[in-house]
Amino acid sequence: MLTKMSVFKRSFIVLVLSLSCLLMAATVFAAPLRVAVVETLSGSQASTGLLYRSAVRYGIDKINAQGGWNGGSIQLLEYDNQGGVAGASEKVKAAIADGAQIIFQGASSAVGGQVTEDIRKYNLRNPGKEVLYMNVGAEAMELTGSKAHFHMFRISPNAEIRIGAVIEAMKENGNLGERVYSMNQNYSWGMDVEKTILDKSASLGYEVVGKTLHDVNKIQDFSPYVAKIKAVNANTVITGNWSNDLLLLMKAANDAGLQVRFGTAFLDQPGNLANAGDTALGHFIAHDFSLESTGDEGAAFGEDYKKKMGHYPSYVEPHTVMGIGLLGEALKNVADEDGKMNINKLVLAMEKATYHTPLGEISIRIEDHQVLLPMVVSEVSKDVKYKMDGTDLGYKPIKIMTAEEAAAPVQAATKIVRID
Amino acid sequence: MEYFTISLLNGTVYGLLLFMVSAGLTLIFGMMGVLNFAHTSFYMLGAYFAYTLQKYISFWPSIILATVLAGGGGIVVERYFLRRVHRYGHAHELLLTFGLSYIIAELIKLFYGNYPTNYRVPESLHFSAFQIFGTDYPVYRLLMGGISLGMFLLVYLLLSRTRVGIVVRSAIYRPRMAEALGHNVPLVFMGVFGVGAALAGLAGAVAGAFYTTNPNMALELGVIVFVVVVVGGLGSLEGAMLASLIIGLSSSFAVGIDLSLVDLFAFFGAGEWAQGLGGLMELKVSSLSATIPFALMLIILLVRPSGLLGEKG
Amino acid sequence: MKHSRFLILAAIVLLFALPAILSHSLVNAVNQMLIAALFACAFNLLCGQAGMLSFGHAAYFGIGAFATLHAMGIMGQESLLPTPLLPLAGACVGFLSGLAAGWFSTKRTGVYFSMITLALAELLHTMAPHLRSLFGGEAGLSGMRYPALGLTFGSDIHVYYLTLVWVLGAIGLQYYITLTPYGRLVLALRENSHRLSFLGYNVHHLGTLTFALSAMLTGIAGGLQAISIEASNYAIFDMHLSSEVVLNTYIGGVNVFLGPILGAAVMTFFGNAASDLTRNWLLYKGIIFVLVMMFMPTGIAGLVMMLTANLRKYSALLLWPVLLLSCIATFLLTMGTVFTVEMMQRILSQDYQMLAQMSDGGEWPPVQLFGRQWLPGSLISWGLPVVLFVAGGYFVKLAKNRWRVLQEASSDQSSETDSIHNLGEMTTESEHELNEREKA
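Chains A, B and C, in that order, are what the protein sequence lines are.
With our numbering, letter number 64 in the first sequence gets 64, and the count goes up by one each step, no holes.
With our numbering, letter number 135 in the second sequence gets 135, and the count goes up by one each step, no holes.
With our numbering, letter number 69 in the third sequence gets 69, and the count goes up by one each step, no holes.
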């Protein structure tokens, strides 16, 4: 595995590569497939980026353990985008220059928007040298909508899938109530969540009694927002909030003695249960993997992941690993062309691939390159086998949805120009 | 009425918390002229110290010890770092504190990881003080407000009623003259810096349990404390109190106001015209709650640069 | 003087030749370094030359970027200007916004000036995500470079040359400005603005104009970045960028024209290279800041000047042992620090702790570092950094002794001694005086 290279080392590799190109002219020579993860690995937003990195490492190691691609191991390069859009753009360029043909990125939809555009433009300008963007977690709808393109796959759920799942399951379970409050962060992800909550209200028969979009990661004191929820007498709060914005909101509600249930998307971020403690009890989450409900197969995956990465897979890790599994399936069906990978062929193979996960089959939807994956909705409970975060709490599944049940329709704005 | 009362209570408590963090900063700022960017790092250190100590000793002693430790950290920073660069000027001091804030944040991540810790309010303090309009009001919130008020009184009395206070104030006002009169000004500087850091540490130790203790907590308060200090007036403790309350209340109330400039113009019958302009006109007050403090700061700086209650300027 | 002119010319020639020498990703890195250098240089017009420390220069960088992007055309719109002239949009809008912001902020001096610039920048930062038509919300805006003048501007090399020409031009313009009578007045603004107003100059207008010029050049830098990444996002207004430029400028040295350029280039390269090497690079960055502020107050430029001054004073033959000893000491101490930090990080990391727990009270498993296995329980793992620190400290002492001997020997010959400290004090004294005045 090629990690942590210095720029000098990188330039050295490029030198070696160009020399080997000369050699290749004479003899056909199998070049290893290079892939890169470009994530926020330092600074204030590093926690999620580091999780993506471990999940990608795990997934690629697994493909390599099964023989890699074209008789060689896949090489994983790692880049720190330093938390910003500009840094990400620069590091994507660096990764491509270092020979990476597949880019993994997930934390932050803003960075995802930049990466997907960068790669779209690069492919436009460099036909025959295409690069693939594996979106492992930028969940804004537009990335598989107006910004979707041929060389991008989203292997994570999105706002509609997550929030749709949690609302439906809570409704079925009788936990939703009539009066729903939408509390979300004021950016693309939060707005998508709000839109989903509003859209589902008619079909599932609830009333959205209030909706708020608040600043992202700036608010220390959520009690004024809790006062708003209290004022309209809501039964349930549906929120796409993550990290501190979720914790502080739930704590403020609990402190005010508010009797509401929370339906969330990202409660399983490491550290959340530890920090929230019993405050989290009885709230709901939609995620894409659960150790509880997936029998021996899921447990085996969980234990293996823990052995290699130090913790059970949660939050963004499971779907990243599964999605890379799907990539592995596709790689099996792509032959090399003069020892090199043809990304266009890989894209076509991805569109046809299916992969078996502990929850069920996953596959890619051809129209918008969104992964179709099963979802599980869980309740935070003490009655569980796997306790998380060093607490006595865990996620007790209340409903498992197949990929078809969980899927959200293709957006009207989606227009992928195909290269067949 | 219900909304008003609850917002008033919440805003006041949040303001008092802001005061706890910024009290030390305004003293340091006023006296040494140092824009101390590492100040909120002491707030974070306080929280992490208390969190760590809590595993070994009970809640209150760990809070007190965390305060002392944060103060000690402040003394070290002043004595061994700031004093060395003092002669190079304020810009260097400022940048030094900047570097220190990087180091502290990264060290915290090194030792405690990237995620929020499980530092929580102890069960014995986790109950509601009273009910207001059917909502519980947590006793810990009142406690935080009380500690802040107590701190304000203590520091205020210390500064205005004791001999030490007189020396400190004179050192703030005319450091050279105080030195000429035989007072050990560097010692005073060190003391004030230590006390300022300790106050921030106390705030962190108390608030970290109520909010979350995570490696970004210094960053989250980073700039807002400067707003408090500037709006209140550099070096003015009373000013910091007033400014904290104003900012606490304004951000608490703004959240609930879903009005925009369009509505204002509609009141005068020009709503549609304003709607057509879009952009700024359609911004709701509630989405501007983070902007208001900076607007306030700007107005103060332009109209009354010495701040609401400041003397120098 | 002849020497330095020759050096600069050589550097420029080298910059033009770089794409032929360096790899693709390194050329991209140099592109970023150039943009950062122009940003720092523009900032220094205000900070170093006019003596006004702005804490919100990210605002003008961002404004320049967004203006350029709008001129480029958002998502398939027609471009207003041919690609090579796009930074003009950033320059114009930067100048105008600088004029407005400068008019307000230069009404105050010292800390109050800094605070106004900070407030203005934060105001913009908090409002920007809500102004979707201008800044595109949180997702930002995205454009595309169009071919012009027979060039496609599709490849990074074209972008590099575009950046290079603009950066050299802008820095050249700024240097020319410093030579004009107006440039001299800017220096006077820093040294004694009271005297300047007694002489009949309008200090406020002068300050505003300087602010606007600085914002204009900053806007060009922002525009170049927008061209390079073909997008921008409101996060560009973050306080982080404002502080970055201040730090880069001071690390380079505020009192020398080339200082900030050097500082920004070095620190950008450091960030670029170190961030891929280690997760702890921000910690190292913090340590560098602190060390520079404490021991190198005049920055890199100050260090270079001190070296050349001493080279002139003492023969190289006498000086090189001191230099060598200092280099060895720096190397040893750096190695010691890096080793300790990296070792700690690996041992404290979550996955390692899990492994350690599984060992059930037995010996903790080894840690992989620098291509070797280190046992956390063994003496070598912890003895090595200690040895490195001790040896480093010893070499520091040796270097200091040598230096003292050298100075004592020469103090008989010349009355003036410019050691590290003296040089540091010379340049910072005026600054300090200035600050004292501001305070009074």
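Keep in mind that the hints were calculated from the coordinates and are not lab data.
Accuracy of the hints is not assured; some may be wrong.
Simulated crosslink set (DSS-like; lysine-lysine; CA at most 27 Å straight-line) [to be verified]:
| id | chain 1 | residue 1 | chain 2 | residue 2 |
| --- | --- | --- | --- | --- |
| 1 | A | K211 | B | K284 |
| 2 | A | K352 | A | K195 |
| 3 | B | K284 | A | K200 |
| 4 | A | K352 | A | K129 |
Violating hint indices (sorted, rising) | Number 2 only.
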